[in-house]
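J.: Sequence:
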Amino acid sequence: MKKVLLVSLSLGAILFSSCQKEEPVRCILPEISSSTNSPVIQTGTIVLEAPVSEDTAVTYKWTGPNGFESNLANPTISNVTSAMAGEYKVKMIKGICETPESSNIVEVIPAVVSCTPNNNTLAFTRSSLTGMTFNSVYTSTSGGSFEIRAGASNGDLTIEFASASTPLPGYYDLSNDCPTSFLSDNEVCVSIVYSGYFCRANSGKILVTNVGGKLSAVFCDVLFTNSDLPFDMTAMSKVTQP
Numbered sequence: 188m189k190k191v192l193l194v195s196l197s198l199g200a201i202l203f204s205s206c207q208k209e210e211p212v213r214c215i216l217p218e219i220s221s222s223t224n225s226p227v228i229q230t231g232t233i234v235l236e237a238p239v240s241e242d243t244a245v246t247y248k249w250t251g252p253n254g255f256e257s258n259l260a261n262p263t264i265s266n267v268t269s270a271m272a273g274e275y276k277v278k279m280i281k282g283i284c285e286t287p288e289s290s291n292i293v294e295v296i297p298a299v300v301s302c303t304p305n306n307n308t309l310a311f312t313r314s315s316l317t318g319m320t321f322n323s324v325y326t327s328t329s330g331g332s333f334e335i336r337a338g339a340s341n342g343d344l345t346i347e348f349a350s351a352s353t354p355l356p357g358y359y360d361l362s363n364d365c366p367t368s369f370l371s372d373n374e375v376c377v378s379i380v381y382s383g384y385f386c387r388a389n390s391g392k393i394l395v396t397n398v399g400g401k402l403s404a405v406f407c408d409v410l411f412t413n414s415d416l417p418f419d420m421t422a423m424s425k426v427t428q429p
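Heads up, the sequence shown is in this note's numbering, so the first residue is 188 and it goes up one at a time.
Hint data in this document are derived by calculation from the structure and do not stem from the laboratory.
Every residue, glycine too, gets a C-beta built ideally from N, C-alpha and C.
You may find that some hints are simply not true.
Said to hold, decoys possible - No farther apart than 25 Å at their CA atoms in a straight line, the calculated lysine-lysine pairs in the BS3-like style are these: (1) LYS278 / LYS248; (2) LYS276 / LYS248; (3) LYS281 / LYS248.
Said to hold, decoys possible - Beta-carbon label-pair distances, calculated as ranges: (4) ASN261 / VAL398: 20 to 26 Å; (5) GLY273 / ASP372: 22 to 28 Å; (6) THR326 / ILE283: 21 to 27 Å.
Produce the complete structure using the sequences and hints provided.
T.: Following this line, the structure appears as structure tokens:
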């Protein structure tokens, strides 16, 4: 009788343990938000950003146009084309758990200007003044700002950015609120020295592109002023790193 009782108790324990209710897996991940630097100009760089988790078990999954995929928290895409415009999505993953996707629309702006100056030249567009053909173009970080400098036999051109970092491609506003310590990130100071006279651009826009790691800057119909000059100094120019 004792043996039968032991067998019955053992069988009951097995049946009871096999019928226990399984608790659902709880996923505890924070909501994810993301951002981009849209709009981005053609030839520029798309910067995608998501919060970086301190949990090393967390991974990321970015997807986007043109077959884009990345498992980095903050990926970048260089040499942007129009095919890269559109919706970029990201989610965080930990094991079998994942967050809802966060999405952003990236706009890609054409790199277009209204004039076509010859490369490494400056031409005066409203006077008979002789333009400049630059025989040297180089960059520097003088005084804490990134500069593009171009020199010719009859003058030179200087483009000064707000910081010492290599400028991202895009449109920048020309400012007369110089030196560069007073500039915002989307402003530049542009000046020329012509026949010994220093002249500064008062307003307008300049387009900066980056192709193959070489910076190029173009502006159209920009007025340079100096109270001692009696003639119109409106000019267009294009300079490119060698």
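J.: Could you see if the CB distance from GLY273 to ASP372 stays within 22 to 28 Å?
T.: 25 Å, holds
J.: Quickly compare the C-alpha distance for LYS278 and LYS248 to 25 Å and report which way the hint goes.
T.: 5 Å, holds
J.: Regarding the pair LYS276 and LYS248, is the alpha-carbon distance no greater than 25 Å?
T.: 8 Å, holds
J.: When you check the alpha-carbon spacing of LYS281 and LYS248, does it fall within 25 Å?
T.: Status holds; Cα separation ~11 Å.
J.: Within 20 to 26 Å or not, the Cβ separation of ASN261 and VAL398?
T.: Check passed, 24 Å falls within 20 to 26 Å.
J.: For the pair THR326 and ILE283, does the Cβ-Cβ distance stay inside 21 to 27 Å?
T.: Given a distance of about 50 Å, which is not inside 21 to 27 Å, the answer is violated.
Figure legend: structure checked against the earlier numbered hints; the only hint not met is number 6.
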